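Visitor: Chain by chain, the residues:
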Amino acid sequence: MSLDAFTSVLLSGLVLSSLYALLASGLSLVWTTLGIFNFAHGVLMAVGAYVTWQISQSIGETYWIGYSIALMIVVMVMLGAVLEYVLIRPFYGNKNIVLVTVMTTLAGLTFLENGIQAVWGPRLKQLPPLIDGNISIHGLLTLSAHEAVIIVVSPLILIGLYYFLNYSIIGKSIRAVGQNQKAAKLMGINVSRSFILTFGLAAALTGIAGAFYGGLRLMNPTMGSEPLVKALIVVIFGGLGNISGTIAAAYLIGFLEAFLIYFIGLYWTPSLLFLFMIFVLIFRHEGLFGESARTTT
Amino acid sequence: MTEELLRVEGLEAGYGAYKVLHGVSFDLSNGQNIGFFGPNGHGKTTLFETISGLIRQTAGKIIFDGTDITNASSDAIVEMGLVHVAQGNTLFPDMTVMEVLQLGAFPKRSRQKLRSNLDRAFSIFPRLTARRSSKCKTLSGGERQMLNLATGLMACPRLLILDEPTLGLSPRLKEELVRPISDIENSGVSLILVEQDLEFLLLLVQRLLLLNHGRITKRIDRQSEQVSHQEIMEEYFGVAVTHES
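Chains B and Y, in that order, are what the protein sequence lines are.
Under this note's numbering, think of the first position of the first sequence as 1, with each following residue one higher.
Under this note's numbering, think of the first position of the second sequence as 1, with each following residue one higher.
No lab work stands behind these hints: they were computed from the structure.
For clarity, every value in this text was computed on a predicted model and none was experimentally measured.
Be aware that one or more of the hints could be misleading.
Simulated crosslink set (DSS-like; lysine-lysine; CA at most 25 Å straight-line) [claimed, not checked]:
| id | chain 1 | residue 1 | chain 2 | residue 2 |
| --- | --- | --- | --- | --- |
| 1 | Y | Lys174 | Y | Lys137 |
| 2 | B | Lys182 | Y | Lys108 |
| 3 | B | Lys182 | Y | Lys19 |
| 4 | B | Lys182 | B | Lys95 |
| 5 | Y | Lys61 | B | Lys182 |
| 6 | Y | Lys61 | Y | Lys218 |
| 7 | Y | Lys19 | Y | Lys61 |
| 8 | B | Lys182 | Y | Lys135 |
| 9 | Y | Lys174 | Y | Lys135 |
| 10 | Y | Lys218 | Y | Lys19 |
| 11 | Y | Lys113 | B | Lys95 |
| 12 | B | Lys182 | Y | Lys137 |
| 13 | Y | Lys135 | Y | Lys113 |
Work out the full structure: start from the sequences and follow the hints.
Guide: Here's what the structure looks like:
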């Protein structure tokens, strides 16, 4: 493997990892707080990309795409709240909530995917890059400025998420709800509001991943399906209910995927990733970064 | 501020078709403390979970400080100063003692007092000071119970409901809880203490209510009546308790 090839694989690994981390942290947050798995999470990536595209068309393409992304985040938070209200809320207290919400979130996925098709049509679209041009470092590696922004901004967003969850009172209340709903209620925490906030936050993170992705590749309504599967691997691999583990796993899986693609090609890479996950889970049931004994309450 | 702090009238509640409370009524004045006792499974926990908004009542009324809170949400009730420390609460396994205490001050009315309330919590429960960075799941039963009480105090309660604070504790640890609970009483917080351990209850409250089959079947005011432990036990078990040896 030449140095050139190595650096380009490393870079594509970093870009992939960043997108997976954004996607998986939202998925993990919803799982930890609400105890459900959201199958509509991947399609939110497409929704985020299309909404960004729509906003940039409406306000005019002369404006920097960052403004459209900022507005999209607001839309995604609201959409997340609506999805929680429609797909999840009616089933709280149902003892089969995990299974029921598999179906309702799959319904949401179908509805949103077809909705995108109906609203924006089948024609492929692409978002402009966040920053034009290329960056070259000592002639060793060259990457687009857009990729550089993804690599730098994604970890910043995730650090922000980490600080929010661990150091702000609202973030702590979200973690509390995930660990013991009854105790959270008795402390005066509004559990429904925490759920809405969590869903909105997860939708926004995914929307950002979508907007980043839309500047890299062509957009289509199913653009989130494959990343959702990867995010699922990342979340389980990182240890369920552990945001830092999820983020670490996202980077590990991203690099692993980039190197696998280089060495064995696109065809077998997803299968090998799954094999790798199963192999790890056989020896570490709690995931790679999960704590060995999670207390259930 | 009205003289009366809490009034419960004809409260009925249960789980689905299964009714647990059959018309419970009692009241509590500001600054007063009462104790609830009674056998397991007769509705003590259901009663207080209904009062704190975790379970919806099917009939009856709950008035706190002149406001009807019968249909209020649990967070609104805590915000008003009615704080319920639940039985055997495991709190948040992956959070540190300090984080839990900070969350205890989640209600808006208590956020400004975070600092002074933290100092008060650590002075009442010095053992928590050393464990402030430990996660809840590593605490011993006694420490967890102390954290539960301390967390209740963080919310600036006007009425604190303590549901079986001695559950699962050794006699020595129970003894250790008497002083902090009487400290709480002396700080002007009204207290409803729910206990199976009558000895413990008699150390801390003057007025006792016996909850039996979802009804209050006996009210004892120890200030006006001279009631012995033995008499209460007879009432409790329905027969004279004698030690044959």
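Visitor: State for each hint whether it applies.
Guide: Hints and how they fare:
no. : hint                 : in the structure
1   : Lys174/Y to Lys137/Y : holds, 21 Å
2   : Lys182/B to Lys108/Y : holds, 19 Å
3   : Lys182/B to Lys19/Y  : holds, 21 Å
4   : Lys182/B to Lys95/B  : holds, 16 Å
5   : Lys61/Y to Lys182/B  : holds, 22 Å
6   : Lys61/Y to Lys218/Y  : holds, 21 Å
7   : Lys19/Y to Lys61/Y   : holds, 16 Å
8   : Lys182/B to Lys135/Y : holds, 19 Å
9   : Lys174/Y to Lys135/Y : holds, 23 Å
10  : Lys218/Y to Lys19/Y  : holds, 20 Å
11  : Lys113/Y to Lys95/B  : violated, 39 Å
12  : Lys182/B to Lys137/Y : holds, 17 Å
13  : Lys135/Y to Lys113/Y : holds, 24 Å
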